[in-house]
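Residue numbers (my numbering), protein chains in the order written: chain A, 1 to 343; chain B, 1 to 294; chain C, 1 to 321.
It is possible that some hints are incorrect.
As the list claims (entries may be wrong) - Below, computed lysine to aspartate or glutamate pairings styled on EDC-like, alpha-carbon distance capped at 16 Å:
#	chain 1	residue 1	chain 2	residue 2
1	C	Lys112	C	Asp95
2	A	Lys120	A	Asp81
3	A	Lys225	A	Glu35
4	C	Lys197	A	Glu35
5	A	Lys73	A	Asp117
6	C	Lys197	A	Glu88
7	C	Lys197	A	Asp290
8	A	Lys120	A	Asp100
9	A	Lys73	A	Asp17
10	C	Lys197	C	Glu156
11	C	Lys197	A	Glu30
12	C	Lys112	C	Asp77
Claimed, not checked - Have a look at the derived ranges for each label pair, beta carbon to beta carbon:
#	chain 1	residue 1	chain 2	residue 2	range
13	A	Arg172	C	Thr292	38 to 44 Å
14	A	Gly285	B	Arg186	26 to 32 Å
15	A	Arg172	C	Phe206	56 to 62 Å
16	A	Trp102	B	Arg166	52 to 58 Å
17	A	Arg148	C	Glu156	39 to 45 Å
18	C	Gly43	A	Ser103	39 to 45 Å
19	C	Thr27	B	Asp120	51 to 57 Å
20	C	Leu127	A	Gly293	32 to 38 Å
21	B	Pro126	A	Trp102	24 to 30 Å
22	C	Ala68	A	Leu174	43 to 49 Å
Keep in mind the hints are simulated off the structure, nothing from the lab.
Computed from a prediction, not measured in an experiment: that's the story for all the values here.
Think of the CB as a built atom: it goes at the ideal place given N, C-alpha and C, for glycine as much as any other residue.
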Amino acid sequence: MSELLAVDNLTVEFPTDRGAAQVLDRISLEIAPGEVVGLVGESGCGKTTLARAILGVLPRSGGRITSGQIRFKGRDLLAEDPRLVNDEIRGRAITFIPQDPWSSWSPLFTVGAQVMDVMKWKSPRRTRAGRLTRRWPALLRGYPRARRRADWQATIDVLRAVHVPEPERALRRLPHEFSGGQRQRLLIALALLPGPDLIIADEPTTALDVTIQAQILRLLRSLVKERGVSVLFTTHDLGTAYEICDRVVVMYAGQEMESAPTAAFFERPAHPYTRRLIESLPTPGEEIRDIPGEVPSLIDPPPGCRFHPRCDYATAECRAARPAARIVDGPHRVRCVHPVGKA
Amino acid sequence: MRAIAALLRSLARDRSALLGLGLILALVLSAVLAPVLATYPGDVFEIHPAKRLLSPGPDHWLGTDRMGSDIYSRLLFGARITILIGVIAVGASLVIGVPVGLVAGHYHSWTSDLLMRVSDIFLAVPQVVLAIAIAQTLGPSLPNVILALSVTYWPWFARLVYAETRSLEKEIFIESTAALGASPWRLIALHVLPNVASPVIVRASIGMGFTILTAAALGFLGLGPPPPTPEWGRTIAESREFLPDAWWYAAAPGLAIFLTVMGFNLLGDGLRDLLDPRIRRSRGIAAGAGVRDE
Amino acid sequence: MSATAPLLEIEALTRHFPVRDAFGRRTDWVRAVDGVTLAVWPGETVGLVGESGCGKSTLGKTVMGIHAPTSGAIRFDGREIGRLPARERRKVARDLQYVYQDPGASLDPRWKIGRSLHEPLVIHTALSRHERDRRVEEILRAVGLPDAHLDLYPHELSGGQQRRVGLGRILMLAPRLVILDEPTSGLDVSVQASVLKLFRRLQATFALTYLFISHDLAVVRAMCRRVAVMYLGVLVEVGDATSLFAAPRHPYTRSLLAAVPRIGGPRVTRDFSLEGEPPNPRDIPTGCRFRTRCPIAEARCASEAPALRLVEDHLVACHLA
């Protein structure tokens, strides 16, 4: 397998007052090197949980991975020493762009201070990562001057690449002096600086205006293609997925339903849910189509394919067991017993 | 009604709140049933010099005081005074403080500034000191104690209600009901007031404890109702010259005050944990369905 | 437009917010709405689009009376309502209503649904309890909720059900014009579809006129017949939705439309060229407000603010249209 990241039958549960919620149900997903994969779904589908699980930052109060594997560049992330994973992978080989540009920066420190704080540990020039010296506690570890200068220069270069005007001055300013769009660019810079192989972007443009969103999406796509970085891009907005992704995976209630290259996903969707989702986008002059029923509870989810209560084509087979992935056409896969176009 | 039943059920799960409730019920029962529960009901007024300063025993469960009166019985009747002071003082504070807070909170004019500055002045002076000053000026008696306590406690309610009203007025349902055409009076009386009731109840409960403590302090200083009223604070004052030998003389009323105040505090804490998170949680549940929040 | 009179007329409406320093002295103004003229005819759905900070929400709230206008006129059914005394203004609520982005939040959490629904009638009418019950039932049915919900509290309902109750409360008085402020913002696609369907049905049932404020161009394009585009407090283009979306004339409208992803078409981000961010609303450029980001700005644009003028079939505020 030449994939960069492989999520294999991952199941995540969250304990609640009324029982364990099965937030992710045997999810499988692959990302190839240099690929931009969109993870699309409505609220409660689990896309943010999946992103967090890959990063290893599920909330401590809740989510537990109960089964499955996450393989990154051949390494089993769940089996390795967590400290090693934290040092080498998280924030370095896999970085994160959060959704909210406002609350992701501490209001007390300058942007430069916060960026360099990250670079101290996650700079690609840091060579002793992995050799966890336990002799000195983290606070006392030093930041070699030569590396610091190199990191600072690299930061300036990346800031220029994300079109932040006057990078040297920008680094000396506080986060609240920047607009939402600029802060999002800074977050992109922060995600690129460690030289990652994979960036996980969690709805990074949801909070932005549409013209700013267009700028950011364009920037992000050009930067990652330039550097050969893979991106896992979660979003609820189908239009955004269309814009920036090479491949789209759609999720519903903790299960992945369909995965296809972007064009095929939108032109020839095979899963009934995907179809319904695309059809519910408002079109001028036409009747508005919504999806009858409601999103199921994850504490007591429908058996088998979780969409079957709302699906026009559901049969007993759909209830019996979760459908296995079928090939529709090359890389286009669907987990459905009655994919549209064949039934 | 359903809300109150649910409230009591959740309260039952909080053991310290339950303890507090139990203590308060004990206080109330002692006060109400004092004539029945007292072993020497007449001892509120009668004196028996021959039996003075007897230690606790089968005849006098908590001993006798310097006049030979049964401390246990006097304590029970003292509970009546305690409750009376607490209820009237806190009640009066509510009646003054809550409307002041509502009006100051709703209107954004110099009136509200004025009202809040006035309550600030009262808040700047420690309650005990102010109460002492007032009671001292007016003379030691039960009505004066109550007056002194009400006058010093109302600003707490005013300030609380002011803050809650201000923050509540930013809520969308207030703005939308106003947009629907509701008059300011309707808004304040039917929408703001019920929503500020919870913190007010919590503070009233804790305030009871604090007020009773202050009343006892006044009584201790001789500024409370004069003898032979079996007020707890005064009883402690009387006991001073006989300590440490007649230890029961101070311990009994001291323990009574302690348990009463603790009871109100525990109940107040329990109510606070109960009332506020439930409202916030219920709003949170509503916000989660169908709308992306993350 | 037909020969009937407009239901709502806004004329040169402005709403400025004072910026105060720590001592309460006014140091500056935020010119949130800076001279807007717009008319809405009965039965129409007029869309008001713009990005954050353009003033569209403030405009909606000012028309509704939540904010007082700084200057300009608001005429509803021919009657000036912008400067009415409070008690008179409250009566206008019968005909002119406002729906928040989250209508469920407009419900008092301590009141049962039934009581919240009765309230508008209690405030404005002298109907008996029985008559009010009948009206409440009628509205409940119209928004698709069961009678059983009358005895529940808001937090016992789902978000979608709360939204329907909030809408129902607005409809109790049979308003003629409803201002919808970002009604689908933050909603999942399928939920959005349900909400839009509901709006359409209610409009048909109750003969409503909508002023639809939103930043979501796709939704506005599907729902509205006429559209007004707002930028930094002023309208830059107004016209029939189909023609405006097909052939926008103002450079901002063009950029706005160019930024919206179109599924099935070419990737818009490939060629998207508008740079920079909207300027600070406290620091509005002289002349045409859009000139700092406009790809075709000229010298005239800095000295002279363009007025809305008729160019073929749209009203456009641009010297170069």
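A quick look at each hint next to the structure:
1. C:Lys112 with C:Asp95: 25 Å, violated
2. A:Lys120 with A:Asp81: 21 Å, violated
3. A:Lys225 with A:Glu35: Holds, at roughly 8 Å.
4. C:Lys197 with A:Glu35: It is violated: about 37 Å lies between the C-alpha atoms, which goes past 16 Å.
5. A:Lys73 with A:Asp117: Violated, because 27 Å separates the two Cα atoms, which is more than 16 Å.
6. C:Lys197 with A:Glu88: Violated, because 50 Å separates the two Cα atoms, which is more than 16 Å.
7. C:Lys197 with A:Asp290: 8 Å, holds
8. A:Lys120 with A:Asp100: 24 Å, violated
9. A:Lys73 with A:Asp17: Between A:Lys73 and A:Asp17 the Cα gap is close to 38 Å, so the pair fails against 16 Å, i.e. violated.
10. C:Lys197 with C:Glu156: Status violated; Cα separation ~24 Å.
11. C:Lys197 with A:Glu30: 37 Å, violated
12. C:Lys112 with C:Asp77: 34 Å, violated
13. A:Arg172 with C:Thr292: 38 to 44 Å: Given about 25 Å between the Cβ atoms, the range is violated.
14. A:Gly285 with B:Arg186: 26 to 32 Å: Given range 26 to 32 Å: violated, Cβ gap about 44 Å.
15. A:Arg172 with C:Phe206: 56 to 62 Å: 58 Å, holds
16. A:Trp102 with B:Arg166: 52 to 58 Å: 24 Å, violated
17. A:Arg148 with C:Glu156: 39 to 45 Å: 57 Å, violated
18. C:Gly43 with A:Ser103: 39 to 45 Å: 43 Å, holds
19. C:Thr27 with B:Asp120: 51 to 57 Å: About 27 Å separates the Cβ atoms of C:Thr27 and B:Asp120, which means 51 to 57 Å is violated.
20. C:Leu127 with A:Gly293: 32 to 38 Å: Holds: the Cβ-Cβ distance is about 37 Å, inside 32 to 38 Å.
21. B:Pro126 with A:Trp102: 24 to 30 Å: The hinted range 24 to 30 Å is violated for B:Pro126 and A:Trp102, with Cβ atoms some 42 Å apart.
22. C:Ala68 with A:Leu174: 43 to 49 Å: With a Cβ separation near 35 Å, C:Ala68 and A:Leu174 fall outside 43 to 49 Å, so the hint is violated.
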